[in-house]
Amino acid sequence: MFKYFEPNKIFAITSRAPKYVLFLFIVVLTIGLTEALILSPEDYKQSDSVRIMYVHVPAAWISLGIFSSLALLSVGSFIFKNKNFALIAKSLAPSGFVFNIIALVTGSIWGKPTWGTWWAWDARITSMLILALFYGMYLLAWRIYEDKEQVIKVTSLIAILGVVNVPVIKFSVDWWNTLHQPASINILSTNTAIHPSMLVPLGIMTAAFALFSLLIFLMKYNTELIKVKNKGLDRL
Amino acid sequence: MINEIISMNGYGAYVWSAFAFTLASFTTLYFVTKLQLSKEQKRFSHKFGSLNFEKAKAARQQTINNEILSNTSNI
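In order, the protein sequence lines correspond to chains A and B.
Residues 1 to 236, numbered by the numbering used here, are exactly what the first sequence covers, in order.
Residues 237 to 311, numbered by the numbering used here, are exactly what the second sequence covers, in order.
Okay, chain B solo, but in the shape it has when bound (with noise of 0.2 angstroms):
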């Protein structure tokens, strides 16, 4: 049965080449659009904790800043 699903009637390398690529192809762009959501999130944290007292008020009044620091790790 195991020996059947990996040769394939002698089409495994092209049926698993096919599979391994698009799974690979979606392990990378998956990591790589993470990475660059964690890196603004970071930059934002960054950012707003620089701010003084008065310019922190003013931005968090806006809803959305403060859901982008609640969801630092949202994934």
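Excised from the complex, chain A in its bound form (with noise of 0.2 angstroms):
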């Protein structure tokens, strides 16, 4: 079912992709700060402090994404019994993470002349943050444990248990009172509550991020499959 997937097959891809991606990444990247920071006009009520939201929402969107991604492959890998999809995950990990940070720091950085405060212990955030330490704790179980078939354990283990946090993130600011503001976007609905003048740069900003993390996707998963074939060339 999985064979045309095998990294042997497509290893000719995911080398000379990087540079084609790269390209597109900076064009969009360009434009998309183009957008954000000079054509999109300020908010009514947060004035220009709104443009932070450019960087911060496609930052969380994607360290979601990827984590549900991870415990996808995590569950793939238990049943279909497939170390490809633990290579996968665990090359799609580091840029999850950093895409977490962005998010609490960006965040941050917006509550202050928001609502006075760089913290706030508030549902979002705080689940955010334990998000963030759930990327942690599955990027440091890659390191300290050496046995191949124990790390995939422990690193889907902690995937799927950290999944759980995910639709707590989601749905936080329904179920709680919270200083975190509802979602203005809704993608089963084609009802936003954002205007399209702040819509398009959102948009393009987060393709500009998905094409960032698919680069550093294809670069970690590269980096893999050549440690794999290292181990490789000393069994010869």
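Source of the hints: derived by calculation from the structure; they are not laboratory data.
The beta carbon of each residue, even a glycine, is placed where N, CA and C say it ideally should be.
Mixed in with the good hints there might be a few duds.
[What the hints assert, rightly or not] So the derived label-pair ranges between C-beta atoms look like this: (1) A/Tyr-20 with B/Glu-290: 33 to 39 angstroms; (2) B/Gly-246 with A/Trp-119: 20 to 26 angstroms; (3) B/Thr-264 with A/Trp-115: 27 to 33 angstroms; (4) B/Ile-241 with A/Val-228: 46 to 52 angstroms; (5) B/Thr-264 with A/Arg-16: 21 to 27 angstroms; (6) A/Leu-199 with B/Ser-253: 23 to 29 angstroms; (7) A/Ile-38 with B/Thr-264: 35 to 41 angstroms; (8) B/Leu-287 with A/Pro-167: 47 to 53 angstroms.
[What the hints assert, rightly or not] In silico DSS-like cross-links for lysine-lysine, where the CA-CA straight-line distance does not exceed 25 angstroms: (9) A/Lys-231 with B/Lys-283; (10) A/Lys-81 with A/Lys-153; (11) B/Lys-293 with A/Lys-148; (12) A/Lys-19 with A/Lys-9; (13) A/Lys-227 with B/Lys-275; (14) A/Lys-153 with B/Lys-293; (15) B/Lys-283 with B/Lys-293.
Take each chain as given, in its own frame, and dock them per the hints.
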């Protein structure tokens, strides 16, 4: 079923793709930054501080998406006994963690002029911090455990346990009274509280961030494959 | 115009620091990942170079090994 996705078969693509993805990322990011910092209007309530949303929101979305993917890949590696799933998950985790940190830091920077504080133990912010801890544990586990079978089990367990927190993050603003504003965009509905003049830059920045995570994933995946091949040369 | 973009109605320090932190994180992650990749590629080339003729011939039968050797600086 997964024979076409075997590392040996896809390496020719994954080794050449980063330079094209990097070029595309730079183009999309340049357009996104121009839109976000210059062309998009200021908010009638938040004034220019609203521009922080163009880095904060895509970073939060992508970190949540990547963690959900880690959990799915972990379940997949258990069911199909396919080690390539674990390799893909391991390669995705660093960019997910960095996006999580970006979401927390930019949220904190946005919080100071908006709420008057850098940090609040609010449900959304606290649950995002917990996600960062799960990312941290996941990445640490890959460094700590030497045994391949054991590390796959431990990291999968962390990803599966941590994914419980993802719906908590999503619905925290609805379940509890929080400082954090409720969601303005619903992907299941065409109704959105954001004007197109702000929605377009947000979309472009999200595309740029997604391209960056793809770039890092490809480079990391190639690194992991070469590590495996290095061990293979030792065995010759 | 330039002053307006820099000051951002008094929110410039917050907006620019948020964007600067994001871009600095991207740059750091990119170069750390690139460094790890080129380190593994160099290690592979070094190990491959130290193989004897028979072993190198066996290793060359795997397409992926040839791909790694031809992409030692792919980005």
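Evaluation of the provided hints:
For A/Tyr-20 paired with B/Glu-290, a C-beta distance near 38 angstroms keeps the hint of 33 to 39 angstroms intact. Remark: the range hint 20 to 26 angstroms for B/Gly-246 to A/Trp-119 is upheld by a beta-carbon distance near 22 angstroms. For the pair B/Thr-264 and A/Trp-115, the beta carbons lie near 28 angstroms from each other, so the given range of 27 to 33 angstroms is met. Restraint check, B/Ile-241 to A/Val-228: a C-beta distance of roughly 48 angstroms satisfies the suggested window 46 to 52 angstroms.
About 25 angstroms separates the C-beta atoms of B/Thr-264 and A/Arg-16, a value consistent with the hinted range of 21 to 27 angstroms. Checked against the given bound of 23 to 29 angstroms, the beta carbons of A/Leu-199 and B/Ser-253, roughly 24 angstroms apart, stay inside it. In this structure the hint that A/Ile-38 and B/Thr-264 lie 35 to 41 angstroms apart at CB is violated, the actual value being about 26 angstroms. Between B/Leu-287 and A/Pro-167, the C-beta spacing of about 51 angstroms keeps the proposed range 47 to 53 angstroms intact.
At most 25 angstroms may separate the alpha-carbon atoms for a hinted pair to count; A/Lys-231 and B/Lys-283 meet this at roughly 10 angstroms. About 11 angstroms separates the Cα atoms of A/Lys-81 and A/Lys-153, which keeps this hinted pair within 25 angstroms; it holds. Under the criterion of a C-alpha separation no larger than 25 angstroms, the hint pairing B/Lys-293 with A/Lys-148 is inconsistent with the structure, at around 29 angstroms. At most 25 angstroms may separate the alpha-carbon atoms for a hinted pair to count; A/Lys-19 and A/Lys-9 meet this at roughly 19 angstroms.
The suggested pairing of A/Lys-227 with B/Lys-275 holds, with an alpha-carbon distance near 10 angstroms, which does not exceed 25 angstroms. For the hint pairing A/Lys-153 with B/Lys-293, the CA-to-CA distance comes to about 36 angstroms; that exceeds 25 angstroms, so the pair is violated. Restraint check: the Cα-Cα separation between B/Lys-283 and B/Lys-293 comes to about 14 angstroms, which is no more than 25 angstroms; the hinted pair holds.
Of the numbered hints listed earlier, those contradicted by the structure are 7, 11 and 14.
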